[in-house]
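Protein chains: 2
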Amino acid sequence: MQQHPDARPGPVTTGPIRGSRKVYLSPPGHPDLCVPFREVALDDPHSPRLRLYDTSGPYTEDAAAIDLAAGLPAPREAWLAARGFEDIEGRAVRPEDNGHASGERLVAPCPARRRLRRGRPGQPVTQLEFARAGIVTEEMVFAAHRENLARTAASAEELQRLAAGESFGAALPALVTPEFVRAELAAGRAILPANINHPELEPMVIGRNFLVKVNANIGNSALSSGVAEEVEKLVWAIRWGADTVMDLSTGRNIHNLRSWILRNAPVPIGTVPLYQALEKVGGDPARLDWAVFEDTLIEQAEQGVDYFTIHAGVRLAHVPLTVRRVTGIVSRGGSIMARWCLAHHRENFLYERFDDICAILRRFDVAFSLGDGLRPGSLADANDAAQFAELDTLGELTKVAWGHGCQVMVEGPGHVPMHKIRENMDRQLAACAEAPFYTLGPLTTDAAPGHDHLTSAIGAAMIGWFGTAMLCYVTPKEHLGLPDRDDVKTGVVSYKIAAHAADLAKGHPAAQAHDDALSRARFAFRWEDQFNLSLDPDTARAYHDATLPKEAHKSAHFCSMCGPKFCSMKLSQELRAEADAGMRAKAAEFAESGGELYVEARS
Amino acid sequence: MQQHPDARPGPVTTGPIRGSRKVYLSPPGHPDLCVPFREVALDDPHSPRLRLYDTSGPYTEDAAAIDLAAGLPAPREAWLAARGFEDIEGRAVRPEDNGHASGERLVAPCPARRRLRRGRPGQPVTQLEFARAGIVTEEMVFAAHRENLARTAASAEELQRLAAGESFGAALPALVTPEFVRAELAAGRAILPANINHPELEPMVIGRNFLVKVNANIGNSALSSGVAEEVEKLVWAIRWGADTVMDLSTGRNIHNLRSWILRNAPVPIGTVPLYQALEKVGGDPARLDWAVFEDTLIEQAEQGVDYFTIHAGVRLAHVPLTVRRVTGIVSRGGSIMARWCLAHHRENFLYERFDDICAILRRFDVAFSLGDGLRPGSLADANDAAQFAELDTLGELTKVAWGHGCQVMVEGPGHVPMHKIRENMDRQLAACAEAPFYTLGPLTTDAAPGHDHLTSAIGAAMIGWFGTAMLCYVTPKEHLGLPDRDDVKTGVVSYKIAAHAADLAKGHPAAQAHDDALSRARFAFRWEDQFNLSLDPDTARAYHDATLPKEAHKSAHFCSMCGPKFCSMKLSQELRAEADAGMRAKAAEFAESGGELYVEARS
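Keeping their order, the protein sequence lines are chains W and U. Numbering-wise (our numbering), the first sequence opens with residue 1 and increments by one. Numbering-wise (our numbering), the second sequence opens with residue 1 and increments by one.
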């Protein structure tokens with residue numbers, strides 16, 4: 001059979017982020033665990049190397065040897081092998097899995113093969129079940145060290161910050177221990193999405209008492225994108241800090257495309273199985289049924305998808321509540337299920353079959369991301385009856401899933417004006433018993449298409465501060481088109497900023513260290529350190545060089561913003577020197593010397 | 001004398017914003033007043049034309065005939081002529097006003113000449129004095145109509161929104177009357193910056209009970225920019241929504257450069273006189289004195305500058321409080337005055353001479369922008385003793401200036417984590433008796449140089465919601481270099497978003513109408529309306545066309561983000577049609593028809 005030209009993705013972006021080095025460090029007592037960090041070496045001999053959270057996977061290693069066809073190394077393989085899961089053949093791929101694509105139109109699957117597993121009844125399978133059993137898994141140890149940014153102790157300064165922050169009831173620890181991760185998972189306050197068929201995963205935890213996480217969406221639509229483009233989007237998104245990635249592909253070749261993504265993904269991958277199920281029935285929501293949905297869940301769970309968005313909260317009785325909205329139902333999954341409910345005038349079958357769904361997800365430890373199919377699509381519809389009716393249903397389903405041993409997070413809006421954001425967080429915590437909240441934005445105005453990464457970063461920072469565990473990014477192309485590579489980077493960086501701003505406001509013990517290091521570099525005119533410590537070093541450097549390209553300017557005591565004579569930092573530095581030496585004495589001396597303020601521009 | 005090549009600025013950007021039309025409307029009973037609005041005509045016959053606040057001046061008229069050498073029309077001339085001010089010759093320009101530039105290095109002044117005026121003792125001169133005297137000026141009537149977006153009545157819907165918002169003690173009226181503007185000015189809660197020598201001004205009001213405003217900074221530094229570039233930056237900044245513009249030029253030709261800007265500025269222009277004073281003494285802070293500063297105040301006041309940043313709050317006793325900071329003093333003016341205080345070990349002469357400064361500003365109605373010379377330059381320094389000590393001094397000076405009949409706003413930070421923003425607003429309101437707050441950002445993290453328009457838009461939206469009256473923009477080049485044209489647009493649009501998000505959250509009666517109109521256009525797939533209603537129509541259109549360039553797609557019921565089969569809006573529209581027709585009946589009918597969901601892509 002002839003292969004689609006896209007079958008073998010072209011080379012993806014590799015190599016370290018400029019000015020940083022990928023390092024792997026082991027948690028105390030676990031020399032076998034290699035936890036990744038982005039290490040920035042500073043010019044200042046007095047400043048220690050700063051270690052930042054690193055989501056980028058092996059792609060940013062110094063000599064990254066990437067073979068997409070072979071897939072990434074599988075750090076979890078040994079851990080999983082020891083857990084006595086059932087080995088399975090796995091479901092055979094069917095033509096409809098790839099939209100009946102054939103010949104040139106068929107994308108070949110990723111050749112990388114992994115041992116397929118399934119949990120047995122009775123044994124602990126999910127991280128929640130292990131946590132409840134009091135078992136600290138390797139994944140928990142790994143995630144804990146990651147959260148600490150390799151710290152093994154908290155400084156007095158950090159404890160002070162923790163006390164100074166406002167966490168709205170979140171209980172951030174000074175230092176995250178594996179036991180703390182276990183306890184948070186057991187309580188349902190956090191999830192550790194890690195499908196037992198995703199051994200390539202570098203484990204991470206999502207919860208209100210941990211660093212705020214960011215998700216990036218990729219995926220082709222019927223109108224665009226091929227395999228190479230999608231895998232590069234994954235690699236590109238995690239390079240800039242995406243903690244998880246959702247593959248929202250539709251159209252043909254969904255199954256094979258996903259195989260390339262999963263085998264090369266060091267981060268949890270999420271999907272909306274409903275999209276593929278709809279493809280299998282020719283795109284007609286009315287023809288959806290449990291059989292095709294169940295088949296799709298198993299297909300994707302065996303592939304290793306780490307979390308599924310399930311729109312089980314869109315109940316028949318909720319649909320009429322949306323009819324008078326300004327923008328109706330804006331969730332794809334929500335509109336599909338609402339359509340199904342109306343077509344059959346029956347209760348949402350995802351709601352009726354929720355126990356069966358739980359049973360499948362538990363066997364592979366696929367976490368639930370309970371979809372907010374009725375989220376508002378405009379400020380006018382924010383916090384309305386439809387939205388909160390669904391939220392209450394999601395709370396009910398959260399407890400059902402917990403009863404099956406499944407991990408759960410809950411999706412949230414959307415479009416919400418600033419003064420209505422807090423209510424979303426408070427209601428979710430109450431309705432869903434503190435299960436992690438995973439919000440899209442929210443956008444704080446509808447009036448700026450083309451800049452919705454920013455309209456939404458405002459709301460994302462706020463709701464992250466209030467307690468949202470993970471923020472789903474929005475790119476500048478939102479509402480307008482499919483994001484390209486640059487849009488993905490802009491979206492991810494904008495959301496890393498929102499998440500980090502939230503961590504700082506919550507008083508996260510380690511978050512402030514990053515800002516302080518950059519601020520000290522700024523005050524000391526260590527330009528290289530300023531660039532390298534930025535969440536986006538390339539852009540910081542490029543903007544500086546746009547006006548002062550010369551190497552000499554990398555140590556100049558000014559930039560083109562104010563020029564040499566008006567640089568407040570320069571003046572302020574001299575001020576400090578004088579003050580330190582005693583103001584009065586200096587004042588006299590200064591008068592005599594007629595203190596020179598000029599700095600020669602080296603240009 | 002040979003002229004500098006930049007003497008006559010090249011053509012600036014003119015013509016309407018795409019999809020909008022500049023209209024002038026008169027307030028009831030004032031047919032002589034022409035208040036500008038940006039009018040967007042919608043494709044939907046059922047939707048009224050939307051009128052948006054318009055800061056762009058005559059430059060966006062259909063057939064804009066701009067002659068920079070002649071300057072803009074002077075709508076205020078007749079009003080000012082009737083007030084019995086003293087006609088003056090004005091101070092003669094001196095070589096040091098332009099940094100002793102001569103020959104080819106000298107930029108020729110703008111040839112446009114205006115009648116020069118000065119207020120007499122005893123007569124009302126400032127808008128504050130008129131307001132206190134119970135006189136409603138033309139400027140107040142003009143500004144009121146502007147605030148109402150040409151509304152002459154508030155709808156029930158608007159009143160409902162007003163009640164639903166959270167304004168943190170602000171008292172937004174359903175409709176702004178000229179009398180309300182007068183009362184707010186008289187109370188010192190708002191300012192109407194309008195130098196009596198700036199007749200070209202289109203009056204606007206800055207206060208907590210009005211729309212949140214945005215300032216853009218322009219100005220050359222020693223290392224960059226010429227006249228043409230600066231005037232175009234002004235025109236470009238107001239085109240995208242800058243309500244006021246500060247000229248922060250340093251180096252040579254400051255005086256002549258400013259003459260081009262003022263004669264062509266329909267918005268209030270602010271400056272920091274200290275910068276020019278420093279140039280006059282060769283850049284050595286220690287050589288600054290009252291004589292050179294007084295001369296500079298008069299020079300700039302006669303030119304028509306509408307507000308001055310005065311760093312009188314940096315007192316000698318405050319300086320030691322900054323010594324242990326992570327980033328010391330980051331305000332240019334603050335560091336210059338701190339340097340002066342140390343050099344002479346004397347109290348800040350701007351503080352000691354504050355009464356004299358007030359006397360000068362009153363004569364021309366130059367508003368005070370009390371500078372926060374000790375604002376924090378990093379999150380680590382936020383809300384510290386130095387910052388709040390200065391704020392208390394600014395509160396004291398506010399009352400002194402009011403005693404002289406001067407209008408006052410107060411500048412604020414800077415770099416502040418989200419959880420410390422609210423305290424800034426509350427303390428300013430208390431310390432400064434509700435005088436308008438004018439903040440820079442604040443940036444909510446220091447860790448993203450290259451994206452500080454976004455790190456700061458988050459803080460700006462929040463503090464705007466809490467009560468800040470005007471937000472000073474930050475561009476992507478902040479901390480890195482001098483912003484270019486694109487950076488200015490990105491900065492302004494980002495801050496219009498922040499200001500608008502704040503208006504929405506405060507429940508401003510007219511703000512929501514804009515978002516609703518755009519959301520309805522979005523739901524109805526009126527793509528042209530979506531683009532045209534955006535705060536940045538060009539970018540919205542360009543992003544859409546990047547994937548769906550064809551004209552046919554401007555009416556397509558999908559975009560490339562989801563493609564035709566997965567467009568939730570499309571599904572949702574059909575849903576509404578069904579629900580309206582009665583769910584049960586439809587359900588049966590649908591089953592028979594096997595309801596077609598596909599939409600043919602027209603590409």
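Source of the hints: derived by calculation from the structure; they are not laboratory data. If you're wondering where the values come from, they're calculated on a predicted model, not measured in any experiment. Watch out, some of these pointers could steer you wrong.
Chain copies aren't distinguished; within one or between two, either way the pair holds.
Stated by the list, open to error - Simulated crosslink set (DMTMM-like; lysine to aspartate or glutamate; CA at most 25 Å straight-line):
#1 Lys554 - Glu574
#2 Lys22 - Glu352
#3 Lys554 - Asp484
#4 Lys570 - Glu86
#5 Lys570 - Glu158
#6 Lys399 - Glu104
#7 Lys570 - Asp289
#8 Lys554 - Glu347
#9 Lys570 - Glu347
#10 Lys550 - Asp484
#11 Lys399 - Glu158
#12 Lys550 - Glu229
#13 Lys550 - Glu294
Results of checking the hints against the structure:
Only within a single protomer do lysine 554 and glutamate 574 lie at most 25 Å apart by alpha-carbon distance; the minimum there is 20 Å, versus 59 Å between protomers. For a Cα distance limit of 25 Å, the shortest separation of lysine 22 from glutamate 352 qualifies neither inside one copy, at 47 Å, nor across copies, at 56 Å. In this assembly of identical chains, lysine 554 and aspartate 484 lie within 25 Å of each other by CA distance solely across copies; the values are 20 Å between and 32 Å within a copy. Taking the closest pair of Cα atoms, lysine 570 and glutamate 86 never come within 25 Å of each other, the shortest separation being 66 Å inside a single copy and 44 Å across copies.
When the C-alpha separation of lysine 570 and glutamate 158 is checked against a cutoff of 25 Å, the pair qualifies neither within a copy, at 29 Å, nor between copies, at 51 Å. With identical chains, the CA atoms of lysine 399 and glutamate 104 are never at most 25 Å apart, being 47 Å at best within one copy and 79 Å at best between copies. Proximity of lysine 570 to aspartate 289 under the C-alpha cut-off of 25 Å is restricted to the inter-copy arrangement: shortest distance 22 Å between copies versus 69 Å within a copy. Taking CA atoms no more than 25 Å apart as the test, lysine 554 paired with glutamate 347 passes in neither setting, with 65 Å inside one copy and 36 Å between copies.
Proximity of lysine 570 to glutamate 347 under the C-alpha cut-off of 25 Å is restricted to the inter-copy arrangement: shortest distance 22 Å between copies versus 68 Å within a copy. When the C-alpha separation of lysine 550 and aspartate 484 is checked against a cutoff of 25 Å, the pair qualifies only between copies, where the shortest distance is 19 Å, while the shortest distance within a copy is 32 Å. In this homomeric assembly, lysine 399 and glutamate 158 never come within 25 Å of each other (Cα to Cα): the closest approach is 36 Å inside a single copy and 41 Å across copies. Proximity of lysine 550 to glutamate 229 under the C-alpha cut-off of 25 Å is restricted to the inter-copy arrangement: shortest distance 23 Å between copies versus 35 Å within a copy.
Taking the closest pair of Cα atoms, lysine 550 and glutamate 294 never come within 25 Å of each other, the shortest separation being 61 Å inside a single copy and 40 Å across copies.
Checked against the numbered hints given earlier, this structure breaks hints 2, 4, 5, 6, 8, 11 and 13; the rest are met.
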